[in-house]
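Those protein sequence lines, which keep their order, are chains R and A.
For what it's worth, my numbering labels the leading residue of the first sequence as 1, then goes sequentially.
For what it's worth, my numbering labels the leading residue of the second sequence as 1, then goes sequentially.
Every clue listed holds true.
Some residues of chain R that are not near chain A, with every Cβ distance over 12 Å (derived):
no.	residue
1	Arg6
2	Ala185
3	Ala188
4	Thr217
Label pairs and their in silico Cβ distance ranges:
no.	chain 1	residue 1	chain 2	residue 2	range
5	A	Ala285	R	Glu166	20 to 28 Å
6	R	Val9	A	Gln197	52 to 60 Å
7	R	Gly7	A	Leu378	50 to 58 Å
8	R	Arg238	A	Leu378	20 to 28 Å
9	A	Thr220	R	Pro226	54 to 62 Å
10	R	Glu88	A	Arg260	31 to 39 Å
11	A	Gly292	R	Val9	35 to 43 Å
12	R	Leu17	A	Leu10	46 to 54 Å
13	A	Gly154	R	His2	35 to 43 Å
14	R	Gly227	A	Arg341	33 to 41 Å
Derived by calculation from the structure, the hints in this document are not laboratory data.
For glycine and all other residues, C-beta sits at the position ideal for the given N, C-alpha and C.
Chain by chain, the residues:
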Amino acid sequence: MHAETRGRVLADTIAGLQHRYGSAAVHRGDEPDGGESAAWATGIPALDVRLAPGGLPRGRLTLLQAAQEGVSGRLTLLQALAARASREGDVVYVDVAASLDPGFLADLGAELDNCLAVLPGRGRWREGLAMARALVIAGSPWVGVALDRRPDRDAGIEPALNGLVEAVHRRRAVCVVAAPSPPSAPFAYASSLTLSCTPAGWQESHGDITGLRLALTVTKSRLHAPGAAATLLLRYPRPYATAEVVGYPAVWHPSQSVAEDPSRSDSVARGAAIA
Amino acid sequence: MAALRRHPELRGEAVIIGGAPELRLPVLAASAAAVAAGVCPGQPLRRAQQLCPQAAFLGVDGGDVERLRADVITALGRLSPAVEVGGEESCCDLSGNHAAFPDEGRWAAAIARVLVETLDGGLPAVGVGSTRFVARMAALASEPRHVRLVPAGGEAAFLAPLPLGMLPVDPAIGARLAALGLDCLGAVANLSPVELQRQFGAEGLVLHRHCRGEDGGGLTVDTSPRRAAERVVLDGAVGDLEVLRFAAHRCATDLGDQLRNRGMVAVAVTLVLELESAPPLGVTAPPPLPAGNAAELWAAVLALLGELRPHAPVSAIRVEVELRIAAGRQADLWRGGDAQREAVLAAAARLQRRYGETTLRRPRLAGDPGDIPERRFLWESPLPSAAAEQGSQATGHADATGGDALIARPSTQPAQKGKVPWSRPPAAKQPGRGHPRPAPSTQTALSVRTVRVHV
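Isolated chain R (complex conformation) (with noise of 0.2 Å):
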């Protein structure tokens, strides 16, 4: 038998197969999920570009890290890519940070239909990872987990992140984790690929703040190898103007230089400085 028909007939048996039994029966090898990409593009080119799977890796738990206390923008970019995942399907906010604003979901364009905010309450951290495994292994594509400050005891976060890890590489969801500064042990090991975000600046127009500028850092890839840099926009809101997260080297221009006011958090003016 010609190799071309043995290829033939073997797509048409897979076909058939996966026409019977469902898609996720029969895969190929190099399709470890039935086809389904092993990353998940953020529809942010300056940093699906940069990361060696071009985007966020399925299965797999990813961290937005807090480069230093204060403003980081981490918290601004989950909600952006958890509004691009909501405009795919469904999506889970775990919000221990208390901190999500549904409208400015919305602005950034997500579907609010197919969001699911958990709201465990402040701090709470082990319930909040409790819940979004459940969530996981009933099939939720999509999690999300905004933390804020650690919580004063941490007993029982490491099982439940452990669980929400199992499920997250289990079911080959996507996981984004933002947390916040000081690095928290338990995360750092569990994540395959930490972003660390510096704030760059504030993005200023005639006098008001108009975005927040982020560098992220790879600084821990099981996937490839860290070190990969880019630093992106988080445009606000503004009247006749919608939120979007874009690269920055694209919309930079040197008429637009960044204020670097004294009165505004030490941690911005220090981000400005890196900048």
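Got chain R; can you put chain A on it based on the hints?
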């Protein structure tokens, strides 16, 4: 069948269900021998006695009927996720694919075998069709212990030659159709629906749709919560936690095996410690994930055991679970990812029960936001109203309805003398005349098994 289970010696004899013949009540059901003598359901019992004087007349036992119904649902539920069991007929949803059966015919044959085993010698006729009506007609046109399969697209050809008497219509309409010279379903199907509507009103349109094999009616699946319990009586009251752990493990293992065999999951687990000289101590909580086997249930029971602090020796341990069956559509097992959103909503309902109603919300933009930014959106429950009602029933808001008081009133309440706190109120007598009806399906079914262990 329920009566024959109670009186196996009457198998093969003429049996009429409805009560004593001197009662002015109708016949509810009759065995094949009685039907051959001219008895039919709806006939007065006195008339049935005249037609078949040698028949045995039996009353209706609601408990037997419910037990048989539960057994049939359980048996069919292993093969089909959506099952509807009625008085004389049962419907299963065979849409989608099943890994063990390559086609609907073998799937239906397996269902017929299960029915024969469950009915203990009954002779079910099985019909398979693309709609409920076609499947029903196929079963009626089939023979006992046979499967009649109507292929998709062949509904009209199958229905056309069937006699008009098989139609489930008002006898007056049937008589008028016969008077018009229409003697089969095909003849009615060839009529204009407008003419049928003019003659018989809305029922004429339904008639026309049925005769063409079109039927939009789905299955009414019984999703009422069911309960099962295991109770271990300790041989002498003990306070040793290791012994309690052993007894609780025994309960969880037995219940978990039941769950696995019945293809059900536990959505709420109750652990009750019966104390020697004090009111029972109990706690109820939904497991983080539905427990479907012994290992998953044991994890939930162990968590509950850690919450209880018995202040007196324990004489017995009782584990009770609230069960759910797959309902409404094909489960994920049959077609990957098909029920993803339903599964997520079910998980959300469980999490709401465990962590509180306000912990899961779906945002929605407000219609009139006004000037205040906080009013731009509203939080609403992610569950549809039906699921919310189901969830609220399951959380035990039963005090108002007077239904199941087990979850609503945990056993930390003081027990009345001679009565355990989870005992149900006696069932209210059915008002009105006529045959007592079986309990409605909204009532929970509870089966308790008690074992005694020596420690």
